[in-house]
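So the sequences go chain by chain: A and B. Its first residue numbered 492, the first sequence is counted upward by one per residue in our numbering. Its first residue numbered 492, the second sequence is counted upward by one per residue in our numbering.
Incorrect hints may have been included.
When chains are identical, the list treats them as one kind, so a pair holds in a single copy or across two.
[As the list claims (entries may be wrong)] Here are the simulated BS3-like cross-link-like pairs (lysine-lysine), alpha carbons at most 25 Å apart as the crow flies:
#1 Lys692 - Lys645
#2 Lys645 - Lys753
#3 Lys683 - Lys753
Source of the hints: derived by calculation from the structure; they are not laboratory data.
2 protein chains.
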Amino acid sequence: MADILVTGGTGFIGANLVNELRERDHNVWTLDIDFSPDERHYRVDIGEYRQLRDVFDEHDFDYVYNAAAEYGRWNGEDHYENLWQTNAVGTKNILRIQADEGFRLIDFSSAEVYGDHSGTMTEELTEEQSFRLMNDYAMSKRVNEMQVRNAMEKFGTESVMVRPVNCYGPQEHYSEYRGVVPIFIWHALNDKPYTVYEGHKRIFDYVGDTARTLANIVDNFHPGEVYNLGGNPDWEISIGELSDLILDYLDKDDGIVTYEEKEEMTTDVKRIDSTKARDHLNHDPQVPPEEGIPETIEWFKSEYDL
Amino acid sequence: MADILVTGGTGFIGANLVNELRERDHNVWTLDIDFSPDERHYRVDIGEYRQLRDVFDEHDFDYVYNAAAEYGRWNGEDHYENLWQTNAVGTKNILRIQADEGFRLIDFSSAEVYGDHSGTMTEELTEEQSFRLMNDYAMSKRVNEMQVRNAMEKFGTESVMVRPVNCYGPQEHYSEYRGVVPIFIWHALNDKPYTVYEGHKRIFDYVGDTARTLANIVDNFHPGEVYNLGGNPDWEISIGELSDLILDYLDKDDGIVTYEEKEEMTTDVKRIDSTKARDHLNHDPQVPPEEGIPETIEWFKSEYDL
Chain A
492 MADILVTGGT
502 GFIGANLVNE
512 LRERDHNVWT
522 LDIDFSPDER
532 HYRVDIGEYR
542 QLRDVFDEHD
552 FDYVYNAAAE
562 YGRWNGEDHY
572 ENLWQTNAVG
582 TKNILRIQAD
592 EGFRLIDFSS
602 AEVYGDHSGT
612 MTEELTEEQS
622 FRLMNDYAMS
632 KRVNEMQVRN
642 AMEKFGTESV
652 MVRPVNCYGP
662 QEHYSEYRGV
672 VPIFIWHALN
682 DKPYTVYEGH
692 KRIFDYVGDT
702 ARTLANIVDN
712 FHPGEVYNLG
722 GNPDWEISIG
732 ELSDLILDYL
742 DKDDGIVTYE
752 EKEEMTTDVK
762 RIDSTKARDH
772 LNHDPQVPPE
782 EGIPETIEWF
792 KSEYDL
Chain B
492 MADILVTGGT
502 GFIGANLVNE
512 LRERDHNVWT
522 LDIDFSPDER
532 HYRVDIGEYR
542 QLRDVFDEHD
552 FDYVYNAAAE
562 YGRWNGEDHY
572 ENLWQTNAVG
582 TKNILRIQAD
592 EGFRLIDFSS
602 AEVYGDHSGT
612 MTEELTEEQS
622 FRLMNDYAMS
632 KRVNEMQVRN
642 AMEKFGTESV
652 MVRPVNCYGP
662 QEHYSEYRGV
672 VPIFIWHALN
682 DKPYTVYEGH
692 KRIFDYVGDT
702 ARTLANIVDN
712 FHPGEVYNLG
722 GNPDWEISIG
732 ELSDLILDYL
742 DKDDGIVTYE
752 EKEEMTTDVK
762 RIDSTKARDH
772 LNHDPQVPPE
782 EGIPETIEWF
792 KSEYDL
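Next up, chain A with everything else stripped away, as it sits in the complex (with noise of 0.2 Å):
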């Protein structure tokens, strides 16, 4: 059993995993921007070294996963001074910590790395070819996955970083800077209107296989592997697919829906390999969207009194 650190352990991803990881005995701390009465939380701005430090001079931890960020990319543009700060410069203050305590990180990355790239993204493209990155989000992800690999060489630390996609479900809460998924769901549950861009296809990857895969990490420490995190490739659905998904669950119209072709700045189709983190982290998405979709809405609606 090790003593676990879980950087925005009360967002969306966090949240999850801190179940999955205390399902499996392991002793977990959470650490967020945000309040929780859990007795194992710990209140403190990443991007405020200060307030970090503390934390590890109160308590050892064997693994700390980093999923603290400012997250999204309309969000990041909106809000690019907390982008900075939180995923810049709060990464910057772990790694710097992390050279003093010598834990092994696990870091969250994203595939906006990626960028604009159409064809299938495996990992060791981001090495080898240069990619459009088309918000500030994807580069503050780009830019955390450098400063690892950079502390691990000047430090000898050991780090693993990790790419979801299209992750979604229970524990993300609606704003209008979160997934699709979240989004859909929330504007047809209180009939509101929203925009469906029919020219996208996703593969969307449920956060319950997602927090298996990722709590799998501390039993197969790879030190300095990247991994891409996404769903089933049979599970790649058009944008329009979804929305009927979530409205067929409803037993709603699509009166609600403005159908246009693209969203400006996003990747049209994202198809990502997963290979590497099924080899080494019995990577194994079980849930496809028909299954995931309407346990989020059923979340949703208990979660929001709908």
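Since chain A is already given, all that's left is putting chain B on it; use the hints.
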């Protein structure tokens, strides 16, 4: 005659550029985190939006040279909080104001964006190949270039980017984080020990030459272009030869010098292709190290009473 703002206008390249632009009878204002007695100076931290916004509410500019930045590889590692705030957030602040005001922007990047590339550096390489960026300063400059490109596409603004490399000369004040030229001169003048990493070669570019080319952009503005700005390739010298040049001019021996093979996480050889700057901007370096180094030493003597 144009109304021009130079951010970082009291800094090294900024101060030289301001002189050059004023000699050409442009109306030039400076802006810097530092104070200045100049009546046409704004004391502003570009990382602070309100301070920057006030300047543009007060004055309309035709051109803005954004030379303000946290500079230097090791400075960025030791002061990464300042680096990301000034370079990433600060540039984004300027781009947002540009979207409102419509001035033409000349944004300062760096040849650090070529990372550990050992071949000749041509501008389009960064769009094709992925380079290992070995420090946060390099990353922040690469981020700036992408921010500028995205802003041009999103807001229809007009910008040009420049990548100076190994620029040196008068007005570069000494700190431990500055370039190798002021570091060697400072130590040699003060008889303080310094280290020469013999495994590195550079082409040094005299700031007077750089400033002339930069000033030419106003008359030869090609939106979207990025320019390498380097010295004459014939002037390539090793770091050891640079040290000898300085010591010879000062009639000192190399007793204060420790020789080592290579500096960690630093490019071995930088060979930069400035053909595009020659074609578009009449970039035409005139001052070889044999002339520029003595000029710089004389400036140091006078500036620091040495």
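To see whether the hints hold, each was checked on the structure:
1. Lys692 - Lys645: between (40 Å within a copy, 23 Å between copies)
2. Lys645 - Lys753: Between copies only: 15 Å across, 43 Å inside.
3. Lys683 - Lys753: This pair counts as within: shortest intra-copy Cα distance 21 Å, inter-copy 62 Å.
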